[in-house]
Amino acid sequence: MIVKMWPLQKESTANQYTSLILHDVIEYKPHKWNLKNVLDMRFDIFHMHWPETYLNLPKRYQQLIGTLCVVLFLVVCKLFSKKIVWTVHNFKPHENHNNIKISEFFRTFLVRMVDKFIFLTEVSKDEFLKIYNIDNSRLTVIHHPLYQVNECCHDISAANHSSINNKYLFFGLIRPYKNIELLMNEFIKYDSDSVLIIMGGCSNTLATELRNMKKKIDFKERIKFKFGYYNEQQLQQELNQCKGVIIPYSDIMNSGVLYRAITAGVNVLLPRIRYTEEVVNSLKYQGAVFYDPPLDTNDIATFNGIPSVNHNNFDVDTYNTYIKNAHYELYQTII
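Just so we're aligned, residue 722 is where the sequence shown starts under the numbering used here, counting upward by one.
Source of the hints: derived by calculation from the structure; they are not laboratory data. Hints are not guaranteed to be accurate.
[What the hints assert, rightly or not] Simulated DEER-style distance windows between Cβ atoms: (1) Arg781 to Asn871: 36 to 44 Å; (2) Trp771 to Gly949: 43 to 51 Å; (3) Glu942 to Thr829: 43 to 51 Å.
In this text, a Cβ means the ideal position worked out from N, Cα and C, and glycines have one as well.
All chains, please: the whole structure from these sequences, using the hints.
In structure tokens form, the structure reads like this:
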């Protein structure tokens, strides 16, 4: 069995997701948008993640050309009798809401072309079914894998404990819909001894907006920006040194940040929505503290009162083997 996957990052430390679902008995090929790779039809299944990628680009011509390439390639796959699998990380655009019509057309097209849909939670599958009338046999739920953390990075040494009592962390891609401004405003209203680290990739425009906002607030030294790429070791160091991770989103269908924080075993302050409740309950995670969105200062105060205990007691290898086997079994049903 040969699976062509887009994207496929076998050694990625920035986004481990695709590398964590690969099964040993399957041959995988990375799909890339060059002529040689596009014309290579020596595979059985095309498995795609984030097909809406090009719709999030800033310029309209980039959105149209990129999305057209995806459409044409999927048509060619069907002409060559290839099977198509879509892991539905997101089915509603987070950004560029001015291209809603294009997004709706594209998603309707995908629904017709895809043989099997993979959802990361029952909640996201249910929400999808509210929009599209699809035979349930084409849909399956396979939960997000847990992240692999190098043991040497996982230790919380005594030297780190001095910073744990007052340092909180937000990490991941920084985007407008993630409510970073709200987090900053509410955090500053709380205990003047605490520090908030905001860490992750960010557009130049948004970075400038956040820096300007920081200049206007009191106690600005309590908020520290670490914009840009970070590797796994740098992230784990921040996780080791923080009292907890704060997730200020109001509505999400999937969050790698949540799974990464859970894998680290840290306390997590997160919105009480169906998605987060399903994830926390499925993993029986003891370090979750829920708030009713939107986030406010009282929620942060409550979170501060939770003892700092490492909750990392997962058998990651066993859990991820189950996830890999679930993908393999799904592939077997369509070839």
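Okay, the hints, checked on the actual structure:
1. Arg781 to Asn871: 36 to 44 Å: holds (42 Å)
2. Trp771 to Gly949: 43 to 51 Å: violated (21 Å)
3. Glu942 to Thr829: 43 to 51 Å: holds (50 Å)
Violated hint for the displayed structure: number 2, the only one.
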